[in-house]
Structures are given as structure tokens and as C-alpha cells.
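Enquirer: Chains P and Z are the protein sequences, given in the same order. Position 237 of the first sequence, counting from 1, maps to 236 under numbering that gives the first Met the number 0, and the rest follow consecutively. Position 173 of the second sequence, counting from 1, maps to 172 under numbering that gives the first Met the number 0, and the rest follow consecutively.
Treat the hints with care, since some could be wrong.
It does not matter which identical chain is used: a pair holds within one copy or between any two.
[Stated by the list, open to error] No farther apart than 27 Å at their CA atoms in a straight line, the calculated lysine-lysine pairs in the DSS-like style are these:
1) K91 x K65
2) K355 x K147
3) K269 x K168
4) K143 x K24
5) K337 x K24
6) K24 x K147
7) K143 x K303
8) K59 x K147
9) K269 x K373
10) K147 x K43
11) K95 x K225
12) K22 x K147
In short, the hints are calculated from the structure, not lab data.
There are 2 protein chains.
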Amino acid sequence: MNIALLGHGTIGSGVYELINLNKGKFSGNFTDIENRRSSPVITKVLERDASKDLGDTVGKVVTDPKEILEDDSIGLVVALMGGMDFEYEMIKACLKAKKHVVTANKAVISEYFQELLNLAEENGVVLRYEASVGGGIPIIGSLKEEMKINRVTEIKGILNGTTNFILSKMTEEGADFADTLALAQSIGFAEADPTADVEGYDVSRKLSILSSMAYESIIRDEDVYKRGMTDVRAVDIEMTGSLGYTIKYLGHSILEENDLYTTVEPVLFKEASIMSNVNSEFNIISITGDIIGELQFYGKGAGKDATANAVVGDVLYILNMDADRKPESLRLGRNLNKAGTSIFKGKYYLRANLVKQEDLDRVLAAVETVADRKTVIVNEDKVFVVTSVIAADRFNEMTELLQKEVPEIFYARIYE
Amino acid sequence: MNIALLGHGTIGSGVYELINLNKGKFSGNFTDIENRRSSPVITKVLERDASKDLGDTVGKVVTDPKEILEDDSIGLVVALMGGMDFEYEMIKACLKAKKHVVTANKAVISEYFQELLNLAEENGVVLRYEASVGGGIPIIGSLKEEMKINRVTEIKGILNGTTNFILSKMTEEGADFADTLALAQSIGFAEADPTADVEGYDVSRKLSILSSMAYESIIRDEDVYKRGMTDVRAVDIEMTGSLGYTIKYLGHSILEENDLYTTVEPVLFKEASIMSNVNSEFNIISITGDIIGELQFYGKGAGKDATANAVVGDVLYILNMDADRKPESLRLGRNLNKAGTSIFKGKYYLRANLVKQEDLDRVLAAVETVADRKTVIVNEDKVFVVTSVIAADRFNEMTELLQKEVPEIFYARIYE
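Working from the sequences, and respecting the hints, build out all of it.
Expert: Here you go:
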């Protein structure tokens, strides 16, 4: 079976090296298998630019999708263009042409999960997407395995390398958000338009894919409560650090009977905790099952080789699959009540910049509407508050009103 | 295919509940498979005591191994007796009788790894042992997966729940070793004879299984350098804590070209680190591959349900296996040079109790033979030293000599 690659960008070139250029042990998986003298290779690479040079290798650059869709020798397509519409159309076309598909595209998977799985099943082929969540961390496969025995009730994780890099760097250097984002952009750790990362869409897509699988129900990106992490400032890093906490950007979902709770937001973990010590481009994902308890998986959430490793793992799965055996289909039909964020409870840290005379009173009065007790530190033109335990929905409502009067605030729930 | 269970102890009863008593989702894995109307069950349970009561369930207690070995309806045996000789003989007999075997017995696997794998292959059956390392953590399967693409070069982990519970409890409560061991024994977290746990044999067996797989060479328990953790005292917890460190009991192996380095010993991690925050019965295992980088897996390293989960995962693998397909065999024939501990380098913490007048001078003179620089704290009848960076083999040699003169010492390398 020949393989086609859509996109020879960062991850695509990593996949090309692993499969075609003998980096890693890919080809070693085939020497023992009868009837297969040599390992499968990528014969065609779809690129917009025909002049893309693959060197003196077996793969050939093509610019017309038909060259892949109508090539019967190609049984498996690795879709790594990124973006939304074109990749979505290509994945659909490949599945309809009865070609297996492996992708790392979390946007396409989270948006069209059910449709694409159905399409694969109807056409007797397989869709794999391990690299769409957690980069190199083998979370999709592990979640499927644990679900054979467990009812999964909770997922939480640091799921975005860009924002974790920014927060780690700010913590390490005491730098401010804007400068650190600019640094991340300059070294290729953040996109020119960082919205998807810093506003939580990327985390939300990953959380929605894992949650859909775990809770057996389609959970869409827009079902997930999300709050960006662009309001965090050096002064927050400093103050929360002096309180013994580290700021992390967390995705978290909980299933309780038929009620689903989700959130993506900046939170605080104790410095002496596992989550606080997941730094830079590393990710961590925690899943909790009723039999196994909590499992956590840590690894590189981004980067060429680690992500390519996950993609090629999927490729190997398909190549080693028994042709006569139908892959297990995912159950996604459960009807869940999207129940908001009320299950997430904790003390809150809040910082507000005081501009007008009356701002301090406004902040304290607003916090008092939801918190029984609070600790207050006033420092020049800022007030810092740590509250007693409050449910997330109540605190979010309060801050929404408060922000109309005192716009520059940052807040985060404390995980203890 | 019927299943037999050897041993209805803690893990055995957990496995029985998952497979026979509809705890968890085990039976749900079979409703979709054609030609299989109902899920496989445990029909026989081998126990020494015939009066063992399984209640009104489908399983029957037997005391004669022949009842299982000669029962052709039994295709899979789950070996959870523990101990060494009897379980080893039973596993061999089952494989020879062409029955698949699943076991959690790390002693048997690490001692007879190659022989048992060969026996399984010769008889066309499968031997699985996921629960032998890391309890509920899916490390054996994950390691096999990553090895399809990666050359693994390093493994390290907190691999023993008993000693991690003791160290966590000592750290939490400032309690001493003997009291905490007694507490662990009283609540079933430590054996009456704790030697295997506190002297490192248990960690060494687990490390040798993972290292054998990862480095494709039989690494035996006795190849692993090990040092017990019975010398740690409340005063060490207090002093290392005040220096910002946490004491953990670590297994660590590194492969560099053909040189294998292994160690099992107490070490110090910074309080703000992932390793320091793996507490009580939880385990963590880190593997490093040349493509994927570092992956870490965290979960319950012991306990009825989590370990039973891992065992039943192996059972499911075998039940869902394609009968015509030979399982991939492990490569274990590589010839490695057992190169000791010289690759492990770091600052050292050392505490010595001063009994005789000349003890302080002896300790400082001994440390000076290996350390360029050192920080010394003398406190009543004890001396605490933190050294510059030293290779493990040099420090170990020095302390061996020193202990002849100043017997009560504790030392640990610092991981930074």
C-alpha cells in the first residue's frame, strides 16, 4: 500500500523523514511480515508549489489533488495541510475514494467528528487522529484502551504548547504578556495571528475531541466555556508566585450522570504540584476512570518530530491492521445536558487595576456579592483579592458585570 | 474461550469482579462482535483453600491445577498467585498446554523473561504482563508502541508504591522511617517482610523488565545496581526539605551506544518538579526516545482495581486478537556492556551521625577525596554535607569505606 502526504510543512516534513528517509525505526516494522518485502513509502506529496524539492527521494510533488484521489496504488492519505475548508474537503474525498486517512487537524476533527467517522465506516476505511490532541502524547489511543473497561468521568490538561510556553517564560523571566507573545512569535512558537491559542479555541477543540470520545457524545467547540489568557500580566505572575502558585492555562471537563461541565481558562496550581511543573512546549493530560482512577500522560504537545511520531504511529496501525476486520466504531450518540461551569469550585485570585477614585470600592463590593470571606492587598494602583471558595459560574457572572466598570482585571481559580 | 484465574487474592478478586460480576465495562466489548453472543467468563479459580466462597457466580473454586491444565475449554489463564516457584511452574505448564497467559508477577517475568516468551512463541500462544510494572499505568503497551518508531535511550521512574507511600508520609508528617513502615504494614500498604520493597528488589525487577524491552537485551535483576531506602530519617526529610528538595526512591537506566547504566536508590528532586509531586501509592514512569523525546506516564502503581484494570486490559487484548496472526515477538538478543553507575552524576546530600570525637573529621576527609567543593552544616550530633557534582560510582565507593568507620549515614544524589 502506497501513502500520500498532504502538506510538506513542519509536521509533514517530519513524517516524510520517518517514513521515506529512514529516520527512526519505521521500516523495521515490516521486515518480519510475510508477503511484504519492503516497507510502504510516501509516493506523492501534495503541495501548492510544484517546485518544492524533496531531493533524490522516492516521493514526487504533485499539485493536483486528483493525482492522489484517482491513484489506486495509494491506500492511505496523511492530511497535514492545516487550516479548515480545503483539508476537510480533501479528507472527505479521500474517505469516499476508500482511502484510509490519518490527520493531525484538530479543527477539522472537532468540527466534523461524527460526519467523518461515519464516512470512514460507510467506505470501509479508517480515520485516525492521534496527533490532533497533545502532539506526541499517545492520549487518543490510551483513552480508547481505558474506555474498554472504564467509564471516564473527568479530563483535564495543559493542552496548548504556545500558551504554556508564554506562561512558563513569563514565570521564569518575570516578563510581561505582550513581550513574551512577541518573543514566541519571533521563534516560531506562536502564530502571527495567535487568537486560536491565546483565546482558548485550540484548547477547546482538543478538549471537545477528548470529551466527545470519553463521554460518548458529540461535544462541540462552541459547547465549551472558554476564557482567554491575554489578561495575565507580570504582576500576576509575581503576586501568585509569592502566594505559592503558578498560572497555567487549563482545559477541564467533568461528566456527572448526564450533566457535562467544561471550561478552558487560566487557573492557579500550587507550585509544588505536577501541573505547575509542566513547562514550555510540554503538555499533560489527566483522565479519570471509575476503575483505573487517575492516569496522567506527559510529553511534547507540539514540535516536528514528536507530532510526526504520533502521525506515523497511526500510519503503522493502519498498515498493520487486519484487512478483514472492521475497526471498532466510536459511540457518540449519547444525549448530554450541557450544564455550564457550576461544578468547578475554588478560591479565586483577582487583580484589578485602579484608575478612578471609586474603583477600589467597586471591586470589593462586587467580590462581596459572591464571596463569604476574602483577603485584600492594595498596592499602589492595584488591588489583589483572594476569596473563599466560590463556584465558577457565580464568579464569572460577577466579573462580567465588574469589567464594565473596572476593565483591567485578571482572575483565576485556585486548584488545591 | 473460557478463562481460569490462579489466585483470588486482592488483585485476583478485582479481576473476578471486572470479568464475572459486571463491574466496569468488560462485557460491553463483546456485544458487537459477531459469532460471540456472550462475553467470556472465568469458569475456574485455583485456590489453596477449597472452601473459598465465590458466591452465586459462574466461577468454581478448584484446588488441583490439573482441573485447569487439562480443561480444553480454558484458553486463557490469569496468573495472580504471587510468589515465585509455583507461579513460574504454573505459567510454564499453561503455555505448554497452549493456553494464553496473563500475569502481574514481576518476579517471575523478570527472572524468566526470555524462557517464558520463547515457550509462548513455540506453543503459538501469547504471554502478557502489563500489570507487572507500574500497576494500572499502561507502560508496557505504550513502550512497545513507541519502540516501533523510537530507539529508547532512558527510563526512569518512581516504581514502588510502598516506599513512595512511606516517603510521602514521612515528608507530610515529619515521622521517622520505622514508625512509618509500621503504619504502612498495619494498613496493608507494606508486607510483613518489607525487604523486597525497601531494599529495592521490587523496583529493580520492574526496571529490569522495562529496560530489557527497551534496550532489546535481557537485563537481569542482579545486573541492576541497587541501594535500599531504610537509612532515611525524619531529620533527612527536614534538612532536604529546608534545602528545597524531596526524597524519592528512583529506578533509572540509560543506554549509551552499547553501554547500559542502571541504578535504584534514594535521590533528591527539587520540590517544584513533577517527580517530587508523585505521592503515596502513585507511580510515574518516564521514557525517552530519539524521535518522541520524553514521555511520562502517571497513575496508581498498586491497588486492587487499578492493577486489575491492567490485567483485564491484557485479557481483552488476547480475546480480541486475530487467531491467525502471530503476535510480534520481542527482540531481546542484543549484547550490552553492563557499565555500572558512572553516568549518573550530581551533587550529593550526605548526613552522618557523629558518635565518636573523630567522626566529624573522618566524614569531611572522606568527602574531600571525591568532592571539589562542599557545604557543611554541623548540628549537635550530626553533620550534613552538600557536595559539588560527583559521579555515582565514585561517591558510592567513598561511602562504602566511610560506613566502616561511621556507620549511620544516609546519602542521596540531587536531580536538578
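Enquirer: With reference to the structure, classify each hint as holding or not holding.
Expert: Hints and how they fare:
Taking the shortest alpha-carbon separations for K91 and K65, only the intra-copy value of 13 Å comes in at or below 27 Å, while the best inter-copy value is 56 Å. For a Cα distance limit of 27 Å, the shortest separation of K355 from K147 qualifies neither inside one copy, at 58 Å, nor across copies, at 62 Å. Taking identical chains as interchangeable, the C-alpha atoms of K269 and K168 lie at most 27 Å apart whether they share a chain (18 Å) or sit on different chains (19 Å). In this homomeric assembly, K143 and K24 come within 27 Å of each other (Cα to Cα) both inside a single copy, at 25 Å, and across copies, at 12 Å.
Proximity of K337 to K24 under the C-alpha cut-off of 27 Å is restricted to the inter-copy arrangement: shortest distance 24 Å between copies versus 44 Å within a copy. Taking the shortest alpha-carbon separations for K24 and K147, only the inter-copy value of 6 Å comes in at or below 27 Å, while the best intra-copy value is 29 Å. For the identical chains of this complex, K143 and K303 are neighbours both inside a copy (25 Å) and across copies (22 Å), given an alpha-carbon limit of 27 Å. Taking the closest pair of Cα atoms, K59 and K147 come within 27 Å of each other only across two copies (26 Å); inside a single copy the shortest separation is 41 Å, beyond that limit.
Taking the shortest alpha-carbon separations for K269 and K373, only the intra-copy value of 19 Å comes in at or below 27 Å, while the best inter-copy value is 32 Å. For the homomeric pair K147 and K43, the shortest alpha-carbon distance between copies (24 Å) is at most 27 Å, but the shortest distance inside one copy (37 Å) is not. With identical chains, the CA atoms of K95 and K225 are never at most 27 Å apart, being 35 Å at best within one copy and 58 Å at best between copies. In this homomeric assembly, K22 and K147 come within 27 Å of each other (Cα to Cα) only across copies, at 12 Å, whereas the closest approach inside a single copy is 34 Å.
Going down the numbered hints, you'll see the structure goes against 2 and 11, while the others check out.
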